[in-house]
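Could you put the whole structure together from the sequences, leaning on the hints where they help?
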Amino acid sequence: MKKWMMAAAVVSLMALSACNNGDSEAIVETKSGDITKDEFYHEMKERVGKTVLRDLIDEKVLSKKYKVTDEEIDREIERIKEAYGTQYDLAVQQNGEKVIREMIKLDLLRTKAAIEDIKVTDKELKEYYDNYKPKVRASHILVKDEKTAKEVKAKLDKGEDFAKLAKEYSQDPGSASNGGDLGWFGPGKMVKEFEDAAYKLKVGEVSDPIKTDYGYHIIKVTDKEKKKSFNEMKDEITFEVKRSKLDPAAMQSKVDELVKDADVKIKDKDLQDVLGQQ
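Numbering (this note's numbering), first residue to last: -3 to 274.
Honestly, the hints are just simulated from the structure, not real lab data. All the pointers check out, no bait thrown in.
Below, computed lysine-lysine pairings styled on DSBU-like, alpha-carbon distance capped at 35 Å:
#1 163 / 131
#2 256 / 230
#3 163 / 223
#4 129 / 143
#5 131 / 238
#6 131 / 149
Pasting the structure below:
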């Protein structure tokens, strides 16, 4: 996440790099003096120049050999959202979605390069597929005691509206105001008792009260992703299984090797040590 927070600096430096030939055009005017493009560029170079330049070199070299699709970026964004939640939203607010997508693309390019030589077996791929569970969307009503849970379930059985009862009874402030809606989630995102119950339900079906450490839940599954066939998911599965075996040090080593093979020459003497050049 830290590198995403630097993404605005990356974009600014990229945009100004073409203007760095003694450009005295003012980009800020004040009564105390102006700030020129040249001043801004050099200040950005001093602060984040080496990190930015390495990212640009990696992107240029790796894009020649590997491709990343919008679908792959979208899938990675969903994975990151699940892992980081509000931190991802903050990064988007501060830097913009376009910048974040570019950073994710670069991460995927590096990953694809690093996993190229990793071997996986058909057995490993099949095992991953068999254990894979698509996401579900569910709502719940959370109450403290079993007696109340049974009362609510009885009302649901008589046809009363789930969302209305969630707003009235649910002790979960995060979902009660939304009619109990929890959004989409996959394996490992809910406590085991809740997850097991939710995955057993059909769309539209309501559970009996489920006890967890939080209290008693009444769960309603409102939607389910359809599990694709093995062949449809094979490329995605292969990528994930290979990534699970990836050593970060090996990733850097592979990228360094490809950059070296590209015969990169850095002309700016202030930045030459980015690749160990002198």
